[in-house]
Amino acid sequence: MSIDFAHELNEAQLEAVTATEGPVLVIAGAGSGKTRTIVYRLAHLVQQGVDPAQILLLTFTRKAAQEMLARAEAILGRSLHGTSGGTFHSFAYATLRANAMDIGFEGGFTLMDRADSENICKSVKDDLKLGKGDRSYPKKATLMDVITKSRNKELTIDAVLEREAYHLNPYLDDFTEISDGYAKFKRQHALMDYDDLLFLLDELLEKNEPLRNQLQTRYKYIMVDEYQDTNLVQARIVRHLAGTKGNVMAVGDDAQSIYAFRGANVANILEFPKIFEGTKIVRLEKNYRSVQPILDLTNEILQGATARFDKNLYSDLKSDKLPQVIHPLSDQTQARLVVDQILKFQKKYLLHDIAVLFRAGYQSFSLEVALTRIGIDYQKFGGIRFHEAAHIKDVLSMIRLVLNPHDLLAWQRAMDHIKGVGPKTVAKIYAAMHTKDGKSEKYLTKMVGKHEALRELLVELDKLRSQPPKPGAVLESLLVYYQPILMEKYPDDYPKRQAGLEQLSQIAAGYSDMETFIGDLSLDGDPDDEKRKENAVVLSTVHSAKGLEWSAVIIIDLVEDRFPSRRAMQRAEDLEEERRLMYVACTRAKEHLTLLVPSSVFNRASGMSEPTLPSPFVTELPETVYDRLNESYGGGLEQRRKQVVSLPEPSTDTLMEEAAPSGPKVDPRKLGFCKHKIFGKGKIVAFIEPNKYRVNFPGFGLKVIIGDYLELL
DNA sequence: TACAACAGCTTTTTT
DNA sequence: AGCTGTTGTA
Numbered sequence: 000m001s002i003d004f005a006h007e008l009n010e011a012q013l014e015a016v017t018a019t020e021g022p023v024l025v026i027a028g029a030g031s032g033k034t035r036t037i038v039y040r041l042a043h044l045v046q047q048g049v050d051p052a053q054i055l056l057l058t059f060t061r062k063a064a065q066e067m068l069a070r071a072e073a074i075l076g077r078s079l080h081g082t083s084g085g086t087f088h089s090f091a092y093a094t095l096r097a098n099a100m101d102i103g104f105e106g107g108f109t110l111m112d113r114a115d116s117e118n119i120c121k122s123v124k125d126d127l128k129l130g131k132g133d134r135s136y137p138k139k140a141t142l143m144d145v146i147t148k149s150r151n152k153e154l155t156i157d158a159v160l161e162r163e164a165y166h167l168n169p170y171l172d173d174f175t176e177i178s179d180g181y182a183k184f185k186r187q188h189a190l191m192d193y194d195d196l197l198f199l200l201d202e203l204l205e206k207n208e209p210l211r212n213q214l215q216t217r218y219k220y221i222m223v224d225e226y227q228d229t230n231l232v233q234a235r236i237v238r239h240l241a242g243t244k245g246n247v248m249a250v251g252d253d254a255q256s257i258y259a260f261r262g263a264n265v266a267n268i269l270e271f272p273k274i275f276e277g278t279k280i281v282r283l284e285k286n287y288r289s290v291q292p293i294l295d296l297t298n299e300i301l302q303g304a305t306a307r308f309d310k311n312l313y314s315d316l317k318s319d320k321l322p323q324v325i326h327p328l329s330d331q332t333q334a335r336l337v338v339d340q341i342l343k344f345q346k347k348y349l350l351h352d353i354a355v356l357f358r359a360g361y362q363s364f365s366l367e368v369a370l371t372r373i374g375i376d377y378q379k380f381g382g383i384r385f386h387e388a389a390h391i392k393d394v395l396s397m398i399r400l401v402l403n404p405h406d407l408l409a410w411q412r413a414m415d416h417i418k419g420v421g422p423k424t425v426a427k428i429y430a431a432m433h434t435k436d437g438k439s440e441k442y443l444t445k446m447v448g449k450h451e452a453l454r455e456l457l458v459e460l461d462k463l464r465s466q467p468p469k470p471g472a473v474l475e476s477l478l479v480y481y482q483p484i485l486m487e488k489y490p491d492d493y494p495k496r497q498a499g500l501e502q503l504s505q506i507a508a509g510y511s512d513m514e515t516f517i518g519d520l521s522l523d524g525d526p527d528d529e530k531r532k533e534n535a536v537v538l539s540t541v542h543s544a545k546g547l548e549w550s551a552v553i554i555i556d557l558v559e560d561r562f563p564s565r566r567a568m569q570r571a572e573d574l575e576e577e578r579r580l581m582y583v584a585c586t587r588a589k590e591h592l593t594l595l596v597p598s599s600v601f602n603r604a605s606g607m608s609e610p611t612l613p614s615p616f617v618t619e620l621p622e623t624v625y626d627r628l629n630e631s632y633g634g635g636l637e638q639r640r641k642q643v644v645s646l647p648e649p650s651t652d653t654l655m656e657e658a659a660p661s662g663p664k665v666d667p668r669k670l671g672f673c674k675h676k677i678f679g680k681g682k683i684v685a686f687i688e689p690n691k692y693r694v695n696f697p698g699f700g701l702k703v704i705i706g707d708y709l710e711l712l
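According to numbering that gives the first Met the number 0, the stretch in the first sequence is residues 0 to 712, in order.
Hints are computed from structural coordinates only; laboratory data are not their basis. Careful, some of the hints might be misleading.
[Claimed, not checked] Under the rule of at most 20 Å between Cα atoms (straight-line distance), these lysine to aspartate or glutamate pairs were calculated in the DMTMM-like manner:
(1) K62 <-> D519
(2) K138 <-> D125
(3) K462 <-> D519
(4) K495 <-> E367
(5) K392 <-> E117
(6) K128 <-> D112
(7) K320 <-> E548
(8) K392 <-> D512
(9) K418 <-> E487
(10) K346 <-> D173
(11) K139 <-> E163
(12) K343 <-> D406
(13) K183 <-> D173
(14) K488 <-> E459
(15) K185 <-> D126
(16) K449 <-> E459
(17) K392 <-> E459
Given the structure is predicted, the values throughout are model-derived calculations rather than measurements.
Generate the whole structure from the sequences, applying the supplied hints.
Written as structure tokens, this is what we have:
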């Protein structure tokens, strides 16, 4: 089967796809078919006779790599088995594991997640007796922030504090001490954090020439996606892998650089042609995603940037509708208006083709409540990660104890549910368990006799230790043990958490050994990412929305201190990144873009609603690129007339259409039992005009639900 | 008196 | 969800 590349791609894309020999830098504007280009290039290489095993595809998330490989397989009609694809971190993890003895980890190593790193930081701090009783002492998260930033930007701690956290300067010596102690602790316990993966790989490739040559020979063709978000060490890794004359393609967009906070260096893109001699530069500027009015708005956002981007995206896709800027009275009514808008869009698009984006994870809370109440399913990306959720950590702590009985933090987690046992008692029990004398044994016997839950925990651990360490079986056993604890610990929402655990069990079943399972989970193990739910609205942080697109995009909380973030208002550099973030957010939209600017938001500190200032990214926009709607005190929306308008009068396409999604109506006269997608079976208690029901759901209590979301039984 | 339980407060972004 | 300060209990 032959693919008609010239027909499927535009000129620039074709050039990037067929330039397989030598270094290539592709500057790809938002929505310019970047993914398509990579996919077709994969296919082209294989069709030219390249062995798939000679290709390495480095992307920002593992999901992105898998998706691209799958799409290439689809158009090729053959498997790309053997192609290496994944994130820098996962590639590093695999390579380091295979060469552990070469980097001084003869007995292998354990990968830590962020929480582990922070906890070690804290215990190092405590051991050094630093910051005792000082309430304004930097928190463990701050300590870790500074340490990891210093590594990722390859600056001294001194320089990091100077540039980004001037107020922490008095703690400079402490930071240095803690950072050293942290590094030492990791070495002693054969632990690695995310940063170590990259730096140790760089070091390994630097000094081990045979390995470097071996990898260079193996990976004849290398592609790196999202190059604007790579940091210095990642750039060095690419150089090691490709050699200076390798066949390497980097794809990126300087206007979409949004990871400077973690050391990403846009200069990598500019340096690329200098490092790789004879680099061919290809620019993709035609946009295939968004209608022109949306691009008019996003181009305006870039106009305000201090760093000039000589980029002006254009599209053939027309629309007579401008993006909307809506000013709700408060963040509460904002949630309601967003729900209205989703209901409206739902008539035209599938739910998973609609997204609500925000700056930070917590900003969607009230919307999540509103969506649950009305019965719209949603899927959230960003914010608290799957493996960071408390119930997942509870279960994982048990696995950690099977792997390593000296893991004190895991013991604390595993005993957290035992009434009358706190951190001190756990430490005592821990000490007694690892001492072999009569006193300790007596103490243990006493405690086990006193706390039935402790006995059960130890029995379960013994059971797990005695059975073969197969992730699937272990998880199954654990879930049975953990079920009653889950229900007691999280009475409000345990069904949801249980679903998460079952998901974890499913994932575990796909692994044959424990270490790989745990490693993958810390690296990219968000199973929610894996399958995009069919019938659920997408809620996402802007960062997690990178590279994705939806027909309708709604961005909330566009006010000062939220978007841009309060933390970014100090330094011009940070504010510029917020602007690019805003650019990324708006360019996700294909047909509809709605920006919400609440006039007041709830402030937890003062406990009341406070007036806001609109985000500069909105106020800067010329009025010609959007339609403005204000929420009136009556709750409706009014279109504000523009100063200079000769446009057709306001379309009636506002939000005030009756929120009545199509679907089977429930017969009001028939009270009885019904079924709801989220709450399950319930008893209808009352009918509320015109189309709502009060239903009693076992485990959830009374809820008022719109008839369309109920199925009569 | 030591420790556990509870309530209240704050929350950027992520491999 | 974690940290801190406060209250409650053996």
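Open item on the list: Flag every earlier hint the structure violates by its number, smallest first.
Closed with: Checked against the structure, the hints that fail are numbers 3, 6, 10, 12, while the rest are satisfied.
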